[in-house]
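Trainee: The task is simple: from the sequences and hints, build the whole structure.
Just so we're aligned, residue 1 is where the sequence shown starts under my numbering, counting upward by one.
Be careful, since some hints might not be right.
[Claimed, not checked] In silico EDC-like links for lysine to aspartate or glutamate, alpha-carbon gap of 20 Å or less:
(1) Lys282 - Glu220
(2) Lys100 - Asp339
(3) Lys496 - Asp274
[Unchecked claim] Derived Cβ-Cβ restraints for the label pairs, each shown as a range:
(4) Pro281 - Glu220: 21 to 27 Å
(5) Lys291 - Pro340: 19 to 25 Å
(6) Tyr221 - Lys488: 14 to 20 Å
No lab work stands behind these hints: they were computed from the structure.
As the structure is a prediction and not an experimental result, all values here were calculated from the model.
C-beta atoms are modelled at their ideal positions from N, C-alpha and C, and glycine is treated no differently.
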Amino acid sequence: MLINQCLRLPFRARIASCQVCRRTLTFSFQRNSTSDAAAGHNGNGPAPTVAIIGSGPAGFYTAQKLLREIRGTRIDMYEQLPVPFGLVRFGVAPDHPEVKNVQETFQAIAESPNFTFIGNVNLGHDLPLPLLAGHYDAIVFAYGASKDRKIGLEGEDKPHIYSARAFVGWYNGLPEYRDLGPNLTAGDTAVVVGQGNVALDVARTLLSSVDALRQTDITEYALDALSASKIKHVHVVGRRGPMQAAFTIKEVRELLHLEDVSFRSIPDELFPPDLSKLPRPKRRLMELLKKGSPLKENATKSWTLDFLLAPKSLKWSDSNPEKLEGVVFSKTKLENPADPESKIGTTNETQLIPTSTLFRSIGYKAAAIPGMAELGVEFDEWKGTIRHDGFGRVVPPENNDASGHGASIYCSGWVKRGPTGVIASTMTDAFQTAEAIVEDWKKRAQHFVGSAGSQDGWNGVHAEAVSYSLPLRPIHWDSWEKIDQVEKKIGKQKGKPREKFGSVKEMLAVSGK
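Mentor: Okay, here's the thing in structure tokens:
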């Protein structure tokens, strides 16, 4: 069974059905020294104390591997918000609860007596990042991609234009976007620029039955807005063709099977003449797109995949410069439409798609944390990634002697490789970084500059923060569990898995902090 399939199953079902999952996903962290001793070996001396920055999949899988491989490793996980799980909580679509089952694995990791969760601490702001270096043997940046890429059109920041990340965060309860308030009543047509899975998540949420969404953990304020929505058609637009699109078959199939939603067919000339010669995954996707959805004559909503269009400009109302009326696209041309990696060029032809609401979904990127440079971390602002050796060891800039900062520095997940892939690929990436840490610890490599076992971790960080009168208000795992319990209790009353708190203030009030 593929690990992507397993992650959609309930936790116990994964254990029963897949040997890989039993080996890599069900590592049990019991609260006793006996199981810790069995978790790995530490014949090389005192185990390291490691700070992991970020509590999403990259952070938790890095922690899992380290706790398993080096007996006695201490993990302190820092998180800006009072709640853990990152993209699993705030980025996975509400109607994909099977993907969120991975939180059970993370819960097991957090139950290790050598694991400490430190939430509600914004490193680089509440707490200077360089302060950590003197208290850890290793620091792992695993905080994901918190920004979105812009198209680059004039007027892109005006009303009725939203990033997919903001919209997804809004309906998933991310405090940063609690007050986004997207206007879904300005017209009956929306345009989504981008053709990845997140773009299809946006389209599916806009077109789904509100009654179906009520059974998910989508926020109540999002349900209210979607109930009042006037959007009946969604264009999902991309610069390339079907063969180059980034979406996967599962997300396409879900949209095709939506109740009361029809799909406008794709012109045959956009497909390769002989689909049978394609690799099986690509062939199945092309066959599905070509077939489309069953005829729904009485459908009140619809969607299209619009290919070979690159956004050129925005059209605003002559009478109201704040009112969006459409998007002008340049028509594009592929050198080889059948090649998934085909180069693309623009033509002189344009096409206007009338719309009152625009979503951009052309990718995420990470942002640097203030203080990184002092630790010898080189951050690529354009790519949104940290410079590393290919295995997760952070490589300092040339002529930069970072050997005196005290801790070895690593990176994991999207801030390491860029915002691509699914949870399973993040797990593989995180394991690679953890293996680099283990290798350096075993060899006492020059890169591993800390004197392993001598660092005091969070206790030392907190004591130093207090000495500087820094106003920290940390949330630990027991406080998160209080938030979790209340969210589930409120959700149960509404017939849904949970009702997420949409503000940090609400979270802190429930946590007792």
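Trainee: Now, for every hint given, state plainly whether the structure supports it.
Mentor: Hint-by-hint comparison with the structure:
With a CA separation close to 38 Å, the supplied pair Lys282 and Glu220 exceeds the 20 Å bound. Our distance criterion of 20 Å between C-alpha atoms is broken by Lys100 and Asp339, whose separation comes to about 34 Å. For the proposed pair Lys496 and Asp274, the alpha carbon gap of about 46 Å is over 20 Å, so the pair is violated. Roughly 38 Å separates the CB atoms of Pro281 and Glu220, a value that falls outside the hinted 21 to 27 Å.
With their beta carbons about 20 Å apart, Lys291 and Pro340 fall inside the hinted range of 19 to 25 Å. Checked against the given bound of 14 to 20 Å, the beta carbons of Tyr221 and Lys488, roughly 19 Å apart, stay inside it.
The structure fails hints 1, 2, 3 and 4 (numbered hints given earlier, in ascending order).
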